[in-house]
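Visitor: As a plain string of letters, each chain reads:
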Amino acid sequence: MHAIEIEQLTRVFDGRTAVENLSLQLAPGTVFGFLGPNGAGKTTTVRMLTALIAPTSGSATVAGHQLGREDTQIRAAVGVLTETPGMYDRLSARQNLVFFGRLYDLSAARAAQQTERYLRMLGLWERRDDIVGGFSKGMRQKLAIARALLHEPSIIFLDEPTAGLDPEAAKIVRDFVRELRAEGRTIFLTTHNLSEADELCDLIGVFRTRLLRLNTAAKLRAELFGQGTQVQLAEDATRWRELVAALPFAQGVSAQGHTLTVQLAAPDQQNPALIQALCAAGAPICYVEPLKYSLEDVYLQLIGDG
Amino acid sequence: MVSTMQKTLLIFQKEWLELRQQRGLLLSALFLPALLTLLPVVMITGARFLPQQQQDLDELGGLIAANTTLQGMSLPELGQAVAGLIGSSIFTLTPLLLPSILAAYSIVGEKANRTLEPILASPIKTWELLLGKSLASIAPSVVITWGCAVFFAIAVRTVALSPRVAQAIISPGWVALIVLCTPLMALITTAGMIIISSRVNDPRTAQQYSAVGVLPLMLLVFGQLGGLLVLNVGVALLAALALALLAALVTWLAVQLFQREVILTRWR
Numbered sequence: 122m123h124a125i126e127i128e129q130l131t132r133v134f135d136g137r138t139a140v141e142n143l144s145l146q147l148a149p150g151t152v153f154g155f156l157g158p159n160g161a162g163k164t165t166t167v168r169m170l171t172a173l174i175a176p177t178s179g180s181a182t183v184a185g186h187q188l189g190r191e192d193t194q195i196r197a198a199v200g201v202l203t204e205t206p207g208m209y210d211r212l213s214a215r216q217n218l219v220f221f222g223r224l225y226d227l228s229a230a231r232a233a234q235q236t237e238r239y240l241r242m243l244g245l246w247e248r249r250d251d252i253v254g255g256f257s258k259g260m261r262q263k264l265a266i267a268r269a270l271l272h273e274p275s276i277i278f279l280d281e282p283t284a285g286l287d288p289e290a291a292k293i294v295r296d297f298v299r300e301l302r303a304e305g306r307t308i309f310l311t312t313h314n315l316s317e318a319d320e321l322c323d324l325i326g327v328f329r330t331r332l333l334r335l336n337t338a339a340k341l342r343a344e345l346f347g348q349g350t351q352v353q354l355a356e357d358a359t360r361w362r363e364l365v366a367a368l369p370f371a372q373g374v375s376a377q378g379h380t381l382t383v384q385l386a387a388p389d390q391q392n393p394a395l396i397q398a399l400c401a402a403g404a405p406i407c408y409v410e411p412l413k414y415s416l417e418d419v420y421l422q423l424i425g426d427g
Numbered sequence: 096m097v098s099t100m101q102k103t104l105l106i107f108q109k110e111w112l113e114l115r116q117q118r119g120l121l122l123s124a125l126f127l128p129a130l131l132t133l134l135p136v137v138m139i140t141g142a143r144f145l146p147q148q149q150q151d152l153d154e155l156g157g158l159i160a161a162n163t164t165l166q167g168m169s170l171p172e173l174g175q176a177v178a179g180l181i182g183s184s185i186f187t188l189t190p191l192l193l194p195s196i197l198a199a200y201s202i203v204g205e206k207a208n209r210t211l212e213p214i215l216a217s218p219i220k221t222w223e224l225l226l227g228k229s230l231a232s233i234a235p236s237v238v239i240t241w242g243c244a245v246f247f248a249i250a251v252r253t254v255a256l257s258p259r260v261a262q263a264i265i266s267p268g269w270v271a272l273i274v275l276c277t278p279l280m281a282l283i284t285t286a287g288m289i290i291i292s293s294r295v296n297d298p299r300t301a302q303q304y305s306a307v308g309v310l311p312l313m314l315l316v317f318g319q320l321g322g323l324l325v326l327n328v329g330v331a332l333l334a335a336l337a338l339a340l341l342a343a344l345v346t347w348l349a350v351q352l353f354q355r356e357v358i359l360t361r362w363r
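So the sequences go chain by chain: A and B. Take the first sequence: its position 39, counting from 1, is numbered 160 in the working numbering, and each next residue is one higher. Take the second sequence: its position 208, counting from 1, is numbered 303 in the working numbering, and each next residue is one higher.
These are calculated hints, taken from the structure and not from any lab test. Virtual Cβ for every residue (Gly too), placed ideally from N, Cα, C. Errors might be hidden in some of the hints.
Here are a few chain A residues that face chain B, going by a calculated C-beta distance under 7 Å [what the hints assert, rightly or not]:
no.: 1; residue: THR171
no.: 2; residue: LEU173
no.: 3; residue: ILE174
no.: 4; residue: GLU191
no.: 5; residue: THR193
no.: 6; residue: ARG196
no.: 7; residue: THR203
no.: 8; residue: THR205
no.: 9; residue: ARG211
no.: 10; residue: TYR225
no.: 11; residue: ALA291
no.: 12; residue: ARG295
Could you put together the complete structure from these sequences and hints?
Guide: Spelled out as structure tokens, the structure:
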């Protein structure tokens, strides 16, 4: 059974389509990166999947519960980190978490126990009785993450978990997401931080009103830019371009400065022959490395096309 | 499993925890009923020391003709009774203004602090949330108003020149009005504040809107003084009936607006 199964999900607001025919299946334990520009419909999607707003059409099953029919069960089964932490400033960290724990049907004793567990885990236990109004943005964010986990949900929606955090706080949050992944939880991560998505996610969905592409980051790179090898030479690479272009397996060659870029269908198999051919011709090779495209390149390409 | 009643009480308890931390709000919430209780008592006390003239009696002819409890009173008694009628009418502002302060911070404040979405994302039902929040504003308003009314009645008995002055001010009609209409007025104000919350982001602005509710109460004051209206049990029952209908309408509107979907997509 999938943790999340979405079929043709659509949401229209006053004639404007925010989400169009989204279909997606996430296996349990997947960390899914949901990427897209502002206003792409990401928050609307998360709100639909967390049973906060209803879809105009389509269907979804979240944690085994049917959206629209078992909304209360869906809300009880998932954890949500909303775009803004939304903590009660005049209550202490502990009062905030116990309150939300009780809202998620935990007994008073269990709510207190879980509050202590997560405050300790996120390094906030010493500040447990301080009012949240005096907390830094990073501390509030950690508290909001703790709130999303108090009832131990199997599916967690994280909307921009590291937005606006300093590098140290962002790293703590990322490490925490890794721990959650190691525990086998399904994570639906919305972020604008593409290197973070690249680092944390098993599956990436690039979205702008509709799903533009869905795959692992590596496969997205290969799909869009192909695979290949970069050869760094000790001299101008232009003079070696013709030689490489004549090789039967080279799909494309470009030379810029001292760098020769070769598109290959299967670099692992074809690299030895490529290097051998260059060495045999006396090319002064400094080093060879796989062709690297960042997730940002993929994202910009897709969003530009979309 | 946390029951519906427990969740409602949980919201109620959280509201009180928050209110306790807001000294300014707490003080203004307590100052207002204290003022609206003590001011009429001061007016009634002061009226016995003011010089009374036959001319005043002539001006109050309409009022005396309409309100039989005032007939046969001496000039000083009449002065106190009239001051008391104005004061007791002013007192009825308490169940209107007090919940407006509490509900404004409870609902508009929650919206302004962006704490509504995390609550709505939890498995609480919207009516449990609405009930908890409404109770947090209605229950203290009713208890404080009734408490102040008891204090007011005792104070009037103490400072009145005669028992009949006290009876004219603390009439069965006024008692019925306070007993029956206080919860209804608090409910209307709270529901009104929820409706206002859908359009307003600042608790103070929301409170200003609630001032519109003062106008019908001014009719009560001037209606009595002009002899057009005598507050008896029948009038209080009619007022309660009208308020009950209005409360039903306003609550229905508030419930329509207080839905997850509406709050997240329509509230501005």
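Visitor: Taking the hints in turn, state whether each one holds.
Guide: Status of each hint after checking the structure:
no.	hint	in the structure
1	THR171	holds (6 Å)
2	LEU173	holds (5 Å)
3	ILE174	holds (5 Å)
4	GLU191	violated (11 Å)
5	THR193	holds (5 Å)
6	ARG196	holds (4 Å)
7	THR203	holds (5 Å)
8	THR205	holds (5 Å)
9	ARG211	holds (4 Å)
10	TYR225	holds (6 Å)
11	ALA291	violated (21 Å)
12	ARG295	violated (22 Å)
The earlier numbered hints that this structure contradicts are 4, 11, 12.
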